Amino acid sequence: MIRLILSVFLFCYINLVSAQSSDFIILKKNNKSIRTFFAGSNISFITTRGAFRDGKIIMIKNDSIFIQEFLVQKIPTTIGTYILDTAGSFRYAYNYNEIKMFAASGQKKFNVAGSGAALLGGGILLTLSSGVVYLADRKKFSPALMASSAALAVAGYFMSGTGTKGIVVGKKHYHLQYMSVSH
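Going left to right, the sequence shown walks through residues 16 to 198 as the working numbering numbers them.
Keep in mind that the hints were calculated from the coordinates and are not lab data. Please note that a few of the clues may not be correct.
[Unchecked claim] Pairs of lysine-lysine, BS3-like flavour, derived with a Cα cap of 27 angstroms:
hint : residue 1 : residue 2
1    : Lys-180   : Lys-44
2    : Lys-155   : Lys-76
3    : Lys-71    : Lys-180
4    : Lys-186   : Lys-47
[Unchecked claim] Between beta-carbon pairs, the in silico distance windows are:
hint : residue 1 : residue 2 : range
5    : Ser-195   : Gly-136   : 25 to 31 angstroms
6    : Tyr-97    : Thr-177   : 31 to 37 angstroms
7    : Leu-143   : Gly-176   : 19 to 25 angstroms
8    : Pro-91    : Lys-154   : 54 to 60 angstroms
9    : Thr-63    : Val-87    : 36 to 42 angstroms
Keep in mind the model is a prediction, meaning the values are calculated, not measured. Backbone N, C-alpha and C define an ideal beta-carbon position, used for all residues, glycine too.
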């Protein structure tokens, strides 16, 4: 008897619960899905007019993305620490074709640009200090150290320019595809 009542209850509950499907957008590279954007997920991009948006997707409907962006401020406390306060929020609507570039995602792999900057700074410092040693005491000067430090500075210069700049839609075979699920 309990099973019968439970199964009737579940049947009625399942029929009452309905979910509305939402449209979504797929970022593809060479027809392979890289990332999917749907209502509730976060998105960070630059528009074709140059506006930077970073917020939560409220809804995707009729080729448009509706975003809510929060204005968060650090407020100092009386004990010398900071608290985060949401000062307000803004809502924006963009056509998905207005997305020019996605911001670079969080660095999960080796940071080539940061390492290049460290090599550049270290190489310049070693080259300058080798020059000072050459001027002060030529017996202790090492031409190999100066040449290798200069080479490291040059390598660091070229490495620092190869950082991830983000994904530009339309270049390197990246494109967006709008998927309508509504009837």
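Those earlier numbered hints the structure runs against, lowest number first
The structure breaks hints 2, 5, 9; every other hint is satisfied.
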